[in-house]
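Student: Residues per chain are reported as follows:
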Amino acid sequence: MKSNDVILQTVTKIVTFIILTFAIYLFLAGHHEPGGGFIGGLVITSALTLLYLAFDIETVREGLPVDFKVVAAIGVFIAVATGMGSLLFDQPFLSQTFGYFNLPIFGKTELATAVLFDLGVALAVVGTGVTIILSISGDA
Amino acid sequence: MNNLVILPLLIPLLTGIFLVIFRQNILLQRWLSIVAIFSTGGVAAYLLQMVADDGIQTLAIGGWEAPFGIVLVIDMFSGLLILTTSIVSFSCILFAFNSIGLEREQFYFYPFMLFLITGVNGSFLTGDLFNLFVCFEVMLISSYVLISLGGTKVQLRESIKYVVINIMSSTMFLLGIAYLYAITGTLNMAHLSVRIAEVGQQGLLTTVAILFLVVFSLKAALFLYFWLPGSYAAPPTAIGAIFGALLTKVGIYALFRMFTLVFYHQPEITHLLLGVMAALTMLLGGIGAVSQWDIRKIIAYNVIIAVGFIVSGLAVFTSTAVAGGIYYLLHDMIVKALLFLLGGTIIGIVGTSKLKEMSGLIRNHPLLGWMFFITVLALAGIPPLSGFIGKVLVIKGTLEAEFYWLAVIGLLSSLMVLYSVMKIFVNGFWGETYLSKEQEKGTTSGLLFPCILLTLVSIGFGLGVEGITFYVDQAANGLMNPDIYIKAVLKSP
Amino acid sequence: METLMALLIGVLFTVGVFLLLSKNLLKIILGTSILAHGTHLLIITMGGLKKGMPPIIRGEHVSYTDPLPQALILTAIVINFAVTAFFLVLAYRSYQELGTDNIDKLRGIADE
Numbered sequence: 001m002k003s004n005d006v007i008l009q010t011v012t013k014i015v016t017f018i019i020l021t022f023a024i025y026l027f028l029a030g031h032h033e034p035g036g037g038f039i040g041g042l043v044i045t046s047a048l049t050l051l052y053l054a055f056d057i058e059t060v061r062e063g064l065p066v067d068f069k070v071v072a073a074i075g076v077f078i079a080v081a082t083g084m085g086s087l088l089f090d091q092p093f094l095s096q097t098f099g100y101f102n103l104p105i106f107g108k109t110e111l112a113t114a115v116l117f118d119l120g121v122a123l124a125v126v127g128t129g130v131t132i133i134l135s136i137s138g139d140a
Numbered sequence: 001m002n003n004l005v006i007l008p009l010l011i012p013l014l015t016g017i018f019l020v021i022f023r024q025n026i027l028l029q030r031w032l033s034i035v036a037i038f039s040t041g042g043v044a045a046y047l048l049q050m051v052a053d054d055g056i057q058t059l060a061i062g063g064w065e066a067p068f069g070i071v072l073v074i075d076m077f078s079g080l081l082i083l084t085t086s087i088v089s090f091s092c093i094l095f096a097f098n099s100i101g102l103e104r105e106q107f108y109f110y111p112f113m114l115f116l117i118t119g120v121n122g123s124f125l126t127g128d129l130f131n132l133f134v135c136f137e138v139m140l141i142s143s144y145v146l147i148s149l150g151g152t153k154v155q156l157r158e159s160i161k162y163v164v165i166n167i168m169s170s171t172m173f174l175l176g177i178a179y180l181y182a183i184t185g186t187l188n189m190a191h192l193s194v195r196i197a198e199v200g201q202q203g204l205l206t207t208v209a210i211l212f213l214v215v216f217s218l219k220a221a222l223f224l225y226f227w228l229p230g231s232y233a234a235p236p237t238a239i240g241a242i243f244g245a246l247l248t249k250v251g252i253y254a255l256f257r258m259f260t261l262v263f264y265h266q267p268e269i270t271h272l273l274l275g276v277m278a279a280l281t282m283l284l285g286g287i288g289a290v291s292q293w294d295i296r297k298i299i300a301y302n303v304i305i306a307v308g309f310i311v312s313g314l315a316v317f318t319s320t321a322v323a324g325g326i327y328y329l330l331h332d333m334i335v336k337a338l339l340f341l342l343g344g345t346i347i348g349i350v351g352t353s354k355l356k357e358m359s360g361l362i363r364n365h366p367l368l369g370w371m372f373f374i375t376v377l378a379l380a381g382i383p384p385l386s387g388f389i390g391k392v393l394v395i396k397g398t399l400e401a402e403f404y405w406l407a408v409i410g411l412l413s414s415l416m417v418l419y420s421v422m423k424i425f426v427n428g429f430w431g432e433t434y435l436s437k438e439q440e441k442g443t444t445s446g447l448l449f450p451c452i453l454l455t456l457v458s459i460g461f462g463l464g465v466e467g468i469t470f471y472v473d474q475a476a477n478g479l480m481n482p483d484i485y486i487k488a489v490l491k492s493p
Numbered sequence: 001m002e003t004l005m006a007l008l009i010g011v012l013f014t015v016g017v018f019l020l021l022s023k024n025l026l027k028i029i030l031g032t033s034i035l036a037h038g039t040h041l042l043i044i045t046m047g048g049l050k051k052g053m054p055p056i057i058r059g060e061h062v063s064y065t066d067p068l069p070q071a072l073i074l075t076a077i078v079i080n081f082a083v084t085a086f087f088l089v090l091a092y093r094s095y096q097e098l099g100t101d102n103i104d105k106l107r108g109i110a111d112e
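Residue numbers (my numbering), protein chains in the order written: chain H, 1 to 140; chain C, 1 to 493; chain Z, 1 to 112.
In case anyone wonders, no lab produced these hints; they're calculated from the structure.
The structure presented is a predicted model; accordingly, all values stated were derived computationally and were not measured.
Please note that the accuracy of each hint is not assured.
Keeping only pairs whose Cα atoms sit at most 25 angstroms apart, straight-line, the calculated DSS-like set for lysine-lysine is [claimed, not checked]:
id, chain 1, residue 1, chain 2, residue 2
1, Z, K23, C, K153
2, Z, K23, C, K161
3, Z, K27, C, K153
4, Z, K50, C, K161
5, C, K161, Z, K51
6, C, K354, C, K153
7, C, K354, Z, K105
8, C, K441, C, K423
9, Z, K105, C, K153
Across the chosen pairs, the derived CB separations fall in these ranges [stated by the list, open to error]:
id, chain 1, residue 1, chain 2, residue 2, range
10, C, F38, Z, V15, 46 to 52 angstroms
11, C, G203, Z, K50, 24 to 30 angstroms
12, H, K108, Z, S63, 28 to 34 angstroms
Ideal Cβ positions, reconstructed from N, Cα and C, are used throughout, including at glycine.
For reference, chain H alone in the conformation it holds in the complex:
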C-alpha cells in the first residue's frame, strides 16, 4: 500500500534532529537539574519511533543497521562496568566521584563518573524501548 505522507516525512527529517539535540541537552543537564540518562534515552527513543512511523521499519533498518537488543545489552554492561570500577579502588560497589578540570574550550568543567553510568542507562533505555516498540508493532 502506497500512502501519501510527504508532510510527515519532511517534518520528521527536521524534527528528529531537534529532538535528538534536546535529548543530549536533557542527558547532560541531568547531573544537577531535572533530566538524566533515563529521560534522555526515552527522548531518543521517541525520535527513533517518529522515524519508524514516518518511514517504514525496513527503510529505517537500512539506514540504521543496529540490533537494538545489543544496544540494550551494551548499555547495561556499561552501567554495571562503571559500578565495578569502584571495586578497583576498594570502594563500595557503585561509588561515584567527581572533579573539576580545565578543559581547552569549555574552561573549568565538572566531570563526574556518574555520567558514564548515565550513558549506560541511556543506551539501555534506547535499546529496550525500541525493541519493545518494534516487537509490539508487528512481526518484526
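With chain H held as given, fit chains C and Z onto it using these hints.
Tutor: Coordinates of chains C and Z only, in the frame set by chain H:
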C-alpha cells in the same frame, strides 16, 4: 564493607549481558554460562566460610550506609541458599545442553537463565524491602520469558495465566510496601525490625503483615498454589526443573525473612495462619499428587507439598523447627530439581507423560531407574538420605511446641509423597518392557550426568549431615535472634 | 488532598479489578496496567503529600520533599512498563497461535 557480597549478583548478570551480545555462538553461550554458575558457586562457598568465621557480611552500595542506602547482606541462611542455587542451576544448565534444542538456545535461553539466577541471588542478598521487589521482578520477568520460550500452544496458554497471577501479586507487594513505608518511614529490613519493635506490632501492622503473607504465599505457592501445576508442567524439563527448585523457594525465603526478622511479635495470629495454610497446602497438594496420572503434574504437586512442609517449620517458630525447615528447604531445592530432571528424562524416552502408557523401563535403563528410586526415598525422608534430618527436626519441633495436628498432617503428607512418586516408579519401571531400545523416542545420552551429580549431592547431604549441622544451626540461630542481623546491618554496638 | 487521592486510587482500583475480571485478554492487560497506576499513586500518597524543594541539599533552610517514594515509583513504573510490554507481545503471539483472545477458551481441558 565487603565488595565480594555483590559478586553472586554481578557474575551471572554480566555474563548474561555478554551472551546477549554474542547470540549466535552457541558453544560460547554454553560454556560461559557454566563457568559463570560455577564461579558464582565458588564465591558463595567462600562467602559462606567468611560468614561462619567473621559473622554477617554487608555491602552498602555506593557508600550510602544503612538505613539510608541500599544494602546487600549475606548471613548464613542466604549464603546456604545461594550455594544451593548454584549447584542446582549448574545441573539444570548441563541438562539443558542436550535437551533444550537449538532454537531455544539461539533465542536467548542462556542469558535469561542467568538473569533468572541474578534475580534469585539478588532476592537472597538484599537487605531492604524495595530491592527485594526489584529482584523479584528481575526473576519474574526472566521466568515469563523462559516459560513462553519456544511458543508452543500449551506454553503460551499457561504463561498468560502465570503472568497475570504474578502481576497481581507484584501489585499487592507494592501496596504492602506503600503501607509499611507510611507506618514506619523506612524500608530497610533491619531498620523496620527496630522500628516495629519500638512501636509494637499493633492491629494495623499485623494487617500489613498478612498482606505480605498473601503476596509471598502466591509466590511460594503456599495454599495459593492454584496457578502452579499448570504453569510448571508446561515448559521444557530444564526450565521446569529450575522453576520448581528455585522460584517457589524465593517466596519461602521471603516468608522466613519477613516473619522472623520483622513481623515476629504476634505469632498467635500470623504464625498460626502460616501453620493453617501450611497444613492445608500439604493436604490439598497431597490429594492432588495422589490423584494425578501425568508425570509432570505429579511432580508439580510434589513441589506444593514440600512448600507446606517447609513453612510448617516456620509456623511452629522454635529453633528446632526452623532449623528443620532450613534443612528441608536445602534438601528440597536439590531433590526437586533432580525429580524434574529424572521425570523429564523418562518423558523424553517414552514420548508421553501419561503413566498408563509406559512400563518396564528398568530393563533398558537400570541407572535411571535406581536413581529415581533413590530420589523417591530421599523425598519420603528415609534415614540415610537427605530428606530425613529435615523431616525429623520439623516433626520434633511441632511436637515439642504441641502443634500435634500439624505434625500429623506433616507425616501424612510424607506418605502421600511416597505413594505419588512410587506410583511413577512402579508404573514406569516395573512390568513388561513395551519399548525396545530402537523404539524409544529419545536418548538419555548426556542427560544422566547432571542427574548423577544431583543424586550424589543428595546422598552426600544425607550422609555428611554432621558436616553442615554447624552451618544450619548458625543460620537458624540467626533467624531466631533478629538482633544479630540488625547489629550487623545497622552497625549499632 | 489526601481524601481526593484516596478516592482517585479507589476509582483506579475499581476500574482495574473490573477490567481484570473480564474475558478479553486485551482488557485484562489494560486492567493490570491501571491497577499498577493506582498502586503508584498510593505509594506517593503514602509517602506524604507536601510542597517543597527537590531534595538537593544546598545549605539553605527550606522544606524538602521526601525523595524515596519518588524513586520507588520511578523504578516501579519502569518495571511495570517492561512487564506490560512483554505481556502485550505475549498476548499477540498467543492470539496468532491459539486463535482466540477469550480467556474461557484458554482452559486447556481439550488436550489433556
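Student: Against the earlier hints, flag every one the structure doesn't satisfy and list their numbers going up.
Tutor: Checked against the structure, the hints that fail are numbers 4 and 5, while the rest are satisfied.
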